[in-house]
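Enquirer: Put together the whole structure using the sequences plus the hints.
Protein chains: 2
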Amino acid sequence: MDNISMSAERLEKKTTIDLRKKHIGPSCKIFFSQDPIKIVQAKGQYMYDEKGQRYLDCINNVAHVGHCHPDVVKAGAQQMGLLNTNSRFLHDNLVLYAQRLQATLPEQLSVCYFVNSGSEANDLALRLARQYTGHRDVITLENAYHGHVSSLIDISPYKFHQLSGAQLNPFVHVVSVFPPRKYRRDQPDPATAYADEVRDIIAKVHKKGGKIAAFIAESLQSCGGQVIPPVGYFQQVAEHVHKAGGVFIADEVQVGFGRVGTNFWAFQLQGEDFVPDIVTMGKPIGNGHPMSCVVTTKEVAEAFMSSGMDYFNTFGGNPVSCAIGLAVLDVIVKEDLQGNAMRVGRYLANLLEKQKEKHALIGDVRGCGLFVGVELVRDRLKLTPATAEAQEVIYKLKEEHILLSADGPHRNVLKFKPPMCFTGEDADLVVEKIDRILTDLEEALGLKLPDTVNVENESKKRKDRH
Amino acid sequence: MDNISMSAERLEKKTTIDLRKKHIGPSCKIFFSQDPIKIVQAKGQYMYDEKGQRYLDCINNVAHVGHCHPDVVKAGAQQMGLLNTNSRFLHDNLVLYAQRLQATLPEQLSVCYFVNSGSEANDLALRLARQYTGHRDVITLENAYHGHVSSLIDISPYKFHQLSGAQLNPFVHVVSVFPPRKYRRDQPDPATAYADEVRDIIAKVHKKGGKIAAFIAESLQSCGGQVIPPVGYFQQVAEHVHKAGGVFIADEVQVGFGRVGTNFWAFQLQGEDFVPDIVTMGKPIGNGHPMSCVVTTKEVAEAFMSSGMDYFNTFGGNPVSCAIGLAVLDVIVKEDLQGNAMRVGRYLANLLEKQKEKHALIGDVRGCGLFVGVELVRDRLKLTPATAEAQEVIYKLKEEHILLSADGPHRNVLKFKPPMCFTGEDADLVVEKIDRILTDLEEALGLKLPDTVNVENESKKRKDRH
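If you're matching them up, the sequences are chains S and U in order. Using the UniProt record's numbering, you'd call the opening residue of the first sequence number 1 and step up by one each time. Using the UniProt record's numbering, you'd call the opening residue of the second sequence number 1 and step up by one each time.
Each hint can be trusted.
No copy labels: a pair is met if it fits in one copy or bridges any two.
Here are the simulated lysine-lysine pairs, DSSO-like style, with alpha carbons at most 30 angstroms apart:
no.: 1; residue 1: K334; residue 2: K74
no.: 2; residue 1: K298; residue 2: K21
no.: 3; residue 1: K382; residue 2: K433
no.: 4; residue 1: K51; residue 2: K74
no.: 5; residue 1: K38; residue 2: K74
no.: 6; residue 1: K13; residue 2: K38
no.: 7; residue 1: K298; residue 2: K14
no.: 8; residue 1: K22; residue 2: K243
no.: 9; residue 1: K38; residue 2: K14
no.: 10; residue 1: K74; residue 2: K14
no.: 11; residue 1: K298; residue 2: K13
no.: 12; residue 1: K334; residue 2: K22
no.: 13; residue 1: K298; residue 2: K22
no.: 14; residue 1: K298; residue 2: K38
no.: 15; residue 1: K211; residue 2: K243
no.: 16; residue 1: K298; residue 2: K29
no.: 17; residue 1: K74; residue 2: K22
no.: 18; residue 1: K433; residue 2: K398
no.: 19; residue 1: K298; residue 2: K211
I should point out that these hints are in silico values taken from the structure, not numbers from a laboratory.
Expert: Set out below in structure tokens:
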């Protein structure tokens with residue numbers, strides 16, 4: 001245990017649990033609900049419980065530059081003591097931050113709206129798209145999650161499929177997501193195949209008299225199971241959508257700010273020829289401070305203004321949020337966290353690929369930078385999701401004081417999205433533990449690798465592609 | 001000038017303005033757009049520009065316990081350095097804060113959802129209401145404003161009337177708001193008269209096959225022009241709405257946390273026999289920190305959970321927000337800010353009533369605690385809104401370094417909602433300046449009081465009622 005203060009605990013754990021049951025909405029789920037963790041302190045990629053036990057954090061992408069980074073804390077604390085007010089007054093932090101964010105993006109994405117959460121950002125993106133186009137229909141991907149406000153539940157199959165008797169909003173159209181494993185093997189040109197489905201759905205919408213306002217997608221699907229779109233898919237989709245008078249919204253709430261390693265924004269993985277019309281940001285932007293941003297073109301911004309309706313967001317773009325946002329950008333550069341994400345991400349992916357050669361339960365390893373998914377399957381040929389096994393891995397890792405989660409439509413994808421200061425040694429540790437847990441599990445289940453030769457070939461092909 | 005650091009300015013004012021034009025959405029309006037103010041620091045009820053000039057702040061209700069209150073800054077800074085993570089881990093701040101908030105409310109309002117803004121709170125309130133009731137239709141008041149996300153624009157006539165060719169969402173029904181001046185003079189029982197309209201609209205909705213999910217109202221209408229509902233109105237409305245299977249949502253985003261002086265929540269002005277089903281909070285809750293809360297009953301919370309859909313809000317209820325929320329509650333008690341709001345609010349209202357006896361332009365003075373509106377009219381009998389004159393007062397006050405705003409459907413209501421540490425001397429100063437500005441204005445316009453006797457009588461009647 002490092003220098004951890006226990007004074008942060010004020011109640012017995014049992015009391016905390018009882019009060020939570022009494023006063024916090026039961027829809028707000030807790031990790032490991034049978035035996036939840038009480039975290040009282042965190043630093044870098046580590047979290048500490050009330051007994052001072054250290055957990056390696058592989059999941060908190062929000063604590064982007066590391067939990068409680070001193071530069072970020074200092075920037076926030078200083079500005080809190082000086083001024084915290086709304087954006088109806090001039091303030092340098094607001095404009096300097098907007099300028100800095102803009103510099104990370106293609107030139108035409110030059111106008112910012114500061115809001116408080118990814119949900120507020122995506123809702124505003126829809127408002128911008130609808131006002132600019134005068135259209136209403138939205139195309140979204142299968143398994144997508146874009147936020148918790150009403151307008152976003154409508155475009156989030158990941159959420160609305162949880163509702164018994166859910167009704168699809170008639171203005172929302174769901175297209176297939178590129179099955180992460182399948183397209184890599186079966187299709188010579190998956191980008192075109194899946195983009196063609198967007199083209200076809202647009203034609204259907206037009207036939208019914210609808211008009212496309214936007215296509216929205218996470219640049220890499222996160223809750224959907226760490227799914228990376230085939231290169232060229234966004235370009236082709238954008239072409240179809242623009243032709244229909246709609247706009248392309250890239251949701252970078254989970255995956256932006258250098259996480260993918262090779263690029264600052266995940267949509268840039270598609271190539272320099274792709275520029276979305278609207279980009280939304282969130283989670284990591286303030287290292288945990290509630291803030292987010294929508295960036296768009298001058299044309300979209302002017303159309304939004306011309307509606308005659310002001311946009312005022314009470315907290316959005318306040319000097320404290322902007323000071324924190326600036327500090328996060330500074331730390332990313334100063335500590336080369338994007339470079340670290342690339343290097344450690346590759347190292348982690350390689351370690352996991354080796355595990356795949358060893359463990360029948362691992363059906364796929366995929367990801368970019370420090371955004372990596374390990375899909376567990378009961379059968380590599382049938383791709384049967386190993387949902388219970390994924391849960392078992394998560395629980396066993398927790399006993400080893402490692403925090404990992406499972407997601408995807410079948411909750412069978414182990415999800416790595418750690419703070420960006422994650423190290424090679426951290427990767428070694430978690431992979432070593434996963435190795436042991438999978439070995440035990442496979443032994444208990446009597447699972448063996450089906451055909452060593454095939455597996456190796458497939459793994460080699462993948463590496464060639466990266 | 002107090003001990004104000006000028007180091008907070010990093011750019012020439014002109015550069016700040018140019019960058020803002022380039023990078024901030026033009027729908028985000030600035031105060032005094034012809035000659036905006038650059039604020040670099042603030043303390044208590046005062047704000048300071050880049051030249052160190054002090055402004056008396058009569059409008060920033062968000063800086064509830066005073067700008068940059070040291071206790072709040074300290075609580076936030078300390079917790080930022082210790083831990084800032086999501087509510088999927090147990091944390092004492094979350095449950096202690098929920099418990100403290102609950103203690104300010106009627107017993108049955110016991111379950112909290114922590115979110116990031118008033119908009120997120122009101123959107124969630126609608127989701128709770130719709131899930132609990134299984135109904136969809138919502139009744140809202142004329143001139144209401146409930147937030148900026150899509151679902152709330154729909155129930156905010158204050159906003160959607162700004163849109164050219166706005167279409168009312170077919171599930172939204174707007175009822176008349178009690179005209180603040182008219183009902184006090186003309187109607188023996190305004191509560192029943194206006195509640196009956198709700199009853200009638202419910203009947204109409206039923207006839208068309210609709211079903212009422214909720215009635216939503218600010219406990220006192222703020223953007224609508226500081227309008228106070230007649231006592232008994234909420235009880236009667238709640239009765240009609242409950243009979244229809246709907247719930248009552250009290251929006252306390254602007255007016256909660258002791259601002260009304262006599263009570264901690266503004267809905268409590270209606271009497272102890274009134275309990276809303278859902279209360280939403282926002283702006284002042286974190287003294288500027290982006291946070292907010294929805295509180296409801298166990299029954300509503302359980303129905304929401306039974307839908308099968310989790311509710312996760314990335315930043316909502318994080319330990320930093322909760323530490324700040326707790327500090328705000330502490331300061332309100334420690335400095336008796338609710339008592340101050342009552343005393344200074346009454347003093348301010350009395351000063352303004354005296355001004356009304358003197359100035360033909362003042363049509364009405366109304367409010368509770370430190371939430372006071374002064375309605376300017378060109379003609380006291382016809383109630384012609386003095387919109388330009390209200391703007392003139394605001395601009396002249398700015399020259400005197402006093403920040404006040406005008407709102408209401410005709411933007412002719414001077415709006416006092418200062419930090420709660422506002423003093424009697426502050427009230428003296430602003431009223432003295434208003435007196436002078438109105439004197440000059442009336443002279444220029446040739447306006448005189450129509451009939452001194454009537455005015456005095458009316459004013460006396462009002463006082464008897466308070």
